[in-house]
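Asker: Reminder that position 184 of the sequence shown reads as 184 in my numbering, one-by-one numbering, no gaps.
No wet-lab data here; the hints were simulated from the structure. Hints are not guaranteed to be accurate.
List of simulated lysine to aspartate or glutamate pairs, EDC-like, C-alpha gap at most 16 Å [what the hints assert, rightly or not]: (1) K277 with E220; (2) K134 with D269; (3) K124 with E242; (4) K82 with E33; (5) K82 with E122; (6) K277 with E302; (7) K303 with E278; (8) K418 with D394; (9) K134 with E122; (10) K371 with D355; (11) K303 with E261; (12) K134 with E91; (13) K254 with E235; (14) K262 with E304; (15) K97 with D46; (16) K213 with E278; (17) K97 with D177; (18) K134 with E266; (19) K245 with D210; (20) K103 with E180; (21) K213 with E193; (22) K82 with D123; (23) K254 with D210; (24) K97 with E33; (25) K103 with D177; (26) K352 with D407; (27) K103 with E122; (28) K134 with E235; (29) K352 with E406; (30) K303 with D355; (31) K352 with D338; (32) K103 with D46; (33) K97 with E180; (34) K277 with D258.
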Amino acid sequence: MNTKHETSSLPAPQPDSVIYVERIGNIEYQLQEHHLDVFGEITLWDSNPRLIPHLGDEVGAPDEPSLEASLVQTPGYGGLRKSVADIGQLEPIYVWKNSSMSKYLVLEGSTRVTILRELSREDKGTPRQGSRQKIRAKVLPPNFPLAHRVILLARIHVRGSGVRSWGRYIEAKFIYDATEGIGGEGAVLSVSELANWMGKSPSWVSRLRDAYKFALQFVEHIDAKDVNVHAQASEYFSTLEEIIKSSGFGPRLKGGSDEAEKLRAEVFDMVSAGVFKEYRDARYMREFYEDSTKWAQLQTHEKEVAHRLANEIKAGNSTAKSRIHNLRDQIARTMAQDDQSVGTAELEELHKCVDLMESKLAGDVGIFRIKAHAFAQALTSASLDDLLSLTYEDYRQMKTGFEDLEDRLKKRASWWPKE
């Protein structure tokens with residue numbers, strides 16, 4: 001890919017301004033550093049990804065005070081505020097403005113702007129107010145494309161280090177918006193393109209995109225409740241991500257079938273009720289679902305019950321014994337979905353399992369005596385219809401077997417009556 005140089009349409013340089021040469025996408029930009037007034041020359045971005053869990057579903061664009069109040073709530077704000085207050089601004093922010101805008105829009109660095117505004121208000125009338133009121137900013141060109149905005153933010157918050165993390169939910173929404181489009185607009189970048197600029201694999205990007213789609217369904221499910229749905233989706237996103245990627249269970253939740261919709265509703269109610277103490281508990285969704293007892297416990301919505309059940313599985317307290325107790329229900333569910341899914345081969349394996357257990361339980365009695373008793377009970381408890389269902393060949397084989405049994409016992413059994 002050829003590298004282009006973007007130097008046109010930039011603001012007039014300030015005296016002694018610094019020029020940063022940065023490659024964003026396939027273009028090498030020369031970005032001038034300006035010192036801008038935090039009140040009069042810049043405005044906060046109401047589509048800042050970091051604010052998604054804090055703004056909720058307000059109608060219309062939030063005003064500057066609302067954006068500042070939301071930024072104050074973001075994780076790590078206090079630590080960054082103390083750093084800026086003690087040693088000042090270390091890195092310049094990124095701003096952008098086209099010909100129709102009166103102020104620069106902050107694309108990256110809104111938290112630092114909010115902090116300097118706070119500090120400036122606190123220091124009003126003191127010698128420090130002037131230094132608090134100015135912020136260093138890299139000025140992006142007016143024709144800066146949307147795709148490069150996505151690449152810039154991905155480079156800083158996903159690929160970069162030394163910055164406050166967005167968190168998985170925000171990363172996933174960012175990926176979804178970039179690759180699926182929002183507001184009826186098309187995708188900005190393909191999955192492979194975004195993965196390349198992020199320094200991630202396409203499968204990593206795809207998994208997060210799919211997890212966000214699942215989170216959207218979660219948001220829709222809890223929409224009627226009086227909560228900030230994005231905040232709740234963000235809180236539970238790691239759990240939702242584990243659920244949808246769970247091997248042997250996640251695929252059941254996809255699609256528009258009645259069964260998938262019913263199962264999704266059950267799972268979403270479990271998540272919002274807090275049955276999972278931590279996201280790792282959701283790694284056992286297949287085991288939970290295949291064990292009817294455990295699944296019923298999850299459906300009670302007992303707080304953090306999944307954590308206890310997961311620990312049982314990890315400790316092996318519910319391995320063979322529990323699976324045997326629930327095997328019939330598992331087979332019934334499997335056959336209900338596909339009556340051809342099990343056949344004679346599986347039946348033979350079950351018989352081998354029964355033989356193994358009977359040999360262990362029989363001890364000195366011997367497995368043959370157990371089977372003989374079972375056969376005798378089957379004969380005595382059989383109905384007339386059962387007996388009449390036998391064919392002559394069935395009867396002949398049993399008669400031959402009994403005659404052979406009697407002959408050998410007469411010759412060998414010490415308890416056989418003497419004639």
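Asker: Does each hint hold? Answer for all of them.
Answerer: Do the hints match the structure? See the list:
Proposed proximity of K277 and E220 is contradicted: the alpha carbons are some 23 Å apart, above 16 Å. For the proposed pair K134 and D269, the alpha carbon gap of about 49 Å is over 16 Å, so the pair is violated. Taking the CA atoms of K124 and E242, the gap is about 49 Å. The hint is violated against a cut of 16 Å. Distance check on the hinted pair: K82 and E33 sit about 24 Å apart at the alpha-carbon level, beyond 16 Å; violated.
Distance hint between K82 and E122 is fulfilled; the C-alpha atoms sit about 14 Å from each other, no more than 16 Å. Between K277 and E302 the alpha-carbon distance is near 11 Å, which keeps this suggested pair within the 16 Å criterion. With a CA separation close to 12 Å, the supplied pair K303 and E278 stays within the 16 Å bound. Distance restraint check for K418 and D394: the Cα-Cα separation of roughly 32 Å exceeds the 16 Å cut-off, and the hinted pair is therefore not satisfied.
Restraint check for K134 and E122: the C-alpha separation of about 15 Å stays at or below 16 Å, so the hint holds. Among the hinted pairs, K371 with D355 is consistent with the structure: their alpha-carbon atoms are about 10 Å apart, no more than 16 Å. Among the hinted pairs, K303 with E261 is inconsistent with the structure: their alpha-carbon atoms are about 24 Å apart, more than 16 Å. Taking the CA atoms of K134 and E91, the gap is near 13 Å; set against the 16 Å cutoff, the hint holds.
Simply put, K254 and E235 have alpha-carbon atoms about 22 Å apart, too far for the 16 Å limit, and the pair is violated. In summary, the hint linking K262 to E304 is not supported, as the alpha carbons are separated by about 22 Å, beyond the 16 Å threshold. For the suggested pair K97 and D46, the alpha carbons sit about 15 Å apart, so the restraint of at most 16 Å is met. For the given pair, K213 sits about 21 Å from E278 by alpha-carbon distance, which is inconsistent with the 16 Å threshold.
Between K97 and D177 the alpha-carbon distance is near 22 Å, which puts this suggested pair outside the 16 Å criterion. For a cut-off of 16 Å, the pair hint linking K134 to E266 is broken: about 53 Å separates their Cα positions. Annotation: proposed proximity of K245 to D210 holds, straight-line Cα distance about 9 Å (limit 16 Å). Annotation: proposed proximity of K103 to E180 is violated, straight-line Cα distance about 30 Å (limit 16 Å).
With a CA separation close to 20 Å, the supplied pair K213 and E193 exceeds the 16 Å bound. Distance hint between K82 and D123 is fulfilled; the C-alpha atoms sit about 15 Å from each other, no more than 16 Å. Distance hint between K254 and D210 is fulfilled; the C-alpha atoms sit about 10 Å from each other, no more than 16 Å. As the CA atoms of K97 and E33 are separated by approximately 14 Å, the hinted pair is consistent with the 16 Å bound.
A hinted pair counts as satisfied when its Cα atoms are at most 16 Å apart, and K103 with D177 does not qualify at roughly 26 Å. For the hint pairing K352 with D407, the CA-to-CA distance comes to about 30 Å; that exceeds 16 Å, so the pair is violated. Distance hint between K103 and E122 is unfulfilled; the C-alpha atoms sit about 24 Å from each other, more than 16 Å. A distance of roughly 35 Å separates the Cα atoms of K134 and E235; the hinted pair therefore is violated under the 16 Å criterion.
Using a Cα cut-off of 16 Å, the hinted pair K352 and E406 is violated, with the two alpha carbons roughly 28 Å apart. At most 16 Å may separate the alpha-carbon atoms for a hinted pair to count; K303 and D355 exceed this at roughly 41 Å. At roughly 24 Å between alpha-carbon atoms, K352 and D338 are farther apart than 16 Å, so this suggested pair is violated. Taken as a hint, the K103 and D46 pair is honoured in the structure, with Cα atoms around 14 Å apart against an allowance of 16 Å.
Proposed proximity of K97 and E180 is contradicted: the alpha carbons are some 26 Å apart, above 16 Å. Between K277 and D258 the CA atoms are separated by roughly 29 Å; this puts the pair beyond 16 Å, and the hint is violated.
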